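Given the coordinates of chain E, assemble chain P onto it according to the supplied hints.
Going down the list, the sequences are from chains E and P. For the record, in the first sequence the residue sitting at position 87 is 87 according to the numbering used here, with numbers rising by one throughout. For the record, in the second sequence the residue sitting at position 34 is 34 according to the numbering used here, with numbers rising by one throughout.
By construction, these hints were calculated from the structure, which means they are not laboratory data. Check the hints yourself; a few may be wrong.
[Claimed, not checked] Incomplete in silico selection of chain E near chain P, CB under 8 Å:
#, residue
1, Glu42
2, Gly43
3, Pro44
4, Phe46
5, Phe62
6, Phe65
7, Asp100
8, Lys101
9, Leu102
10, Gly105
11, Thr106
Since this is a predicted model, take the numbers as computed values, not measurements. All residues carry an ideal CB built from backbone N, CA and C; glycine is no exception.
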Amino acid sequence: DQQVKQNSPSLSVQEGRISILNCDYTNSMFDYFLWYKKYPAEGPTFLISISSIKDKNEDGRFTVFLNKSAKHLSLHIVPSQPGDSAVYFCAASARKSSGDKLTFGTGTRLAVRP
Amino acid sequence: EAGVAQSPRYKIIEKRQSVAFWCNPISGHATLYWYQQILGQGPKLLIQFQNNGVVDDSQLPKDRFSAERLKGVDSTLKIQPAKLEDSAVYLCASSLPPVPGDIQYFGAGTRLSVL
Numbered sequence: 001d002q003q004v005k006q007n008s009p010s011l012s013v014q015e016g017r018i019s020i021l022n023c024d025y026t027n028s029m030f031d032y033f034l035w036y037k038k039y040p041a042e043g044p045t046f047l048i049s050i051s052s053i054k055d056k057n058e059d060g061r062f063t064v065f066l067n068k069s070a071k072h073l074s075l076h077i078v079p080s081q082p083g084d085s086a087v088y089f090c091a092a093s094a095r096k097s098s099g100d101k102l103t104f105g106t107g108t109r110l111a112v113r114p
Numbered sequence: 001e002a003g004v005a006q007s008p009r010y011k012i013i014e015k016r017q018s019v020a021f022w023c024n025p026i027s028g029h030a031t032l033y034w035y036q037q038i039l040g041q042g043p044k045l046l047i048q049f050q051n052n053g054v055v056d057d058s059q060l061p062k063d064r065f066s067a068e069r070l071k072g073v074d075s076t077l078k079i080q081p082a083k084l085e086d087s088a089v090y091l092c093a094s095s096l097p098p099v100p101g102d103i104q105y106f107g108a109g110t111r112l113s114v115l
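Next comes chain P alone, as it looks inside the complex:
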């Protein structure tokens, strides 16, 4: 079974530029998550999709971050414009519909450096 795919693995940009990350979840997984992990901290949920609808985006900085999940499969996360404090690893995860005991499966992440 293929895991969660993310690209690119690394991205270096200058502040005020824009950047986009892509995620392909495990086949059949209806729920998709984007997390931000800043160095020395645990992953923080940015947005959760159930199929192509947003379940939770309470911690997404909506003035600069946006995400979409077209057709309920792949997803993209965009930052525009980027700030220095956006330097982090962006992790995508997926799971089956929320049931007790379901597990979130993570991709390898995209490491973003904003200079």
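Chain E with its partners taken away, still in its complex shape:
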């Protein structure tokens, strides 16, 4: 049972435009969400997070939106840069019940074209 889903395995965007990566979840106990970025031959690195008490969190070019009623979150990157080309993983945790155990999605490969 895939509790965190990233239905788009890949996304291609022109440099300077907006990249939107989507993530859906099924477990209503999830209360904390994170995005990780992964370059080839490296481990995932933390990008941005959001608590379920918020609906938006922004950090520079990166903004995460959370829609709890739809069990959906999205990562916006504006403007996109070639260095953003990587695999992006959505992750979720149910902190009140399961601590900081993370459940990851399958990832979306972003390619930013110069």
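Positioned in the frame of chain E, the structure of chain P alone reads:
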């Protein structure tokens, strides 16, 4: 600040052989995690340690996988005997004690190929 160190980076073995992976977390990080990432999938938690005690090993195949964290610092993950389906990247991560907003920091992983 040094990151999470893992070794070896790559390992090729035949099925039924045994293999061990090593992880050194970020200094001061009490929590250590081992994840398995199969090609095309996201990382899946195998085991979580808090200092040298196991917090969660519900997804660890205990008939063949074992892990230990002696003295609450370094950790080793062992597979014995390996199966073809164990081919994956094994990621180690560490974090400070669980508090709201704490982040897991990942090592580069060990890529295991079982032939």
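Problem set entry | Per-residue hint verdict: Gly43 (chain E), partner chain P, C-beta under 8 Å | For Gly43 (chain E), the interface hint holds, since the closest Cβ of chain P sits about 3 Å away, which is under 8 Å.
For this session: Closer than 8 Å between Cβ atoms is the bar; does Phe62 (chain E) clear it against chain P? Give me holds or violated.
Result: violated, 15 Å
Exercise. Should the interface hint for Phe65 (chain E) be scored as holding, given a Cβ-Cβ cut-off of 8 Å against chain P?
Worked result: Check failed: Cβ of Phe65 (chain E) comes no nearer than 18 Å to chain P, outside 8 Å.
Problem set entry | Hint validity - Lys101 (chain E) Cβ closer than 8 Å to any chain P Cβ | holds, 6 Å
Exercise. Holds or violated: Gly105 (chain E) as interface residue toward chain P, Cβ cutoff 8 Å?
Worked result: Holds. Min distance 5 Å.
For this session: May I ask you to test the interface hint for Asp100 (chain E) with respect to chain P, counting a Cβ-Cβ separation under 8 Å as satisfied?
Result: Hint holds; Asp100 (chain E) Cβ to chain P Cβ min 4 Å, cut 8 Å.
For this session: Please verify that hint: Pro44 (chain E), Cβ, nearest Cβ of chain P, below 8 Å or not.
Result: Constraint on Pro44 (chain E) satisfied, holds at 5 Å.
Problem set entry | Supplied contact hint for Leu102 (chain E), tested at 8 Å Cβ to chain P | With a minimum Cβ separation of about 7 Å from chain P (threshold 8 Å), the hint on Leu102 (chain E) holds.
Exercise. Is the interface hint for Thr106 (chain E) satisfied, with its Cβ closer than 8 Å to some Cβ of chain P?
Worked result: Holds, because the Cβ-Cβ distance from Thr106 (chain E) to chain P comes to roughly 5 Å (cut-off 8 Å).
Exercise. Can the hint on Glu42 (chain E) be confirmed by a CB-to-CB distance to chain P that is less than 8 Å?
Worked result: Holds, because the Cβ-Cβ distance from Glu42 (chain E) to chain P comes to roughly 5 Å (cut-off 8 Å).
For this session: Double-check Phe46 (chain E) for me: the hint is only fine if its C-beta lies closer than 8 Å to a C-beta in chain P.
Result: Constraint on Phe46 (chain E) satisfied, holds at 5 Å.
Going through the hint list in order, the structure does not satisfy hints 5 and 6.
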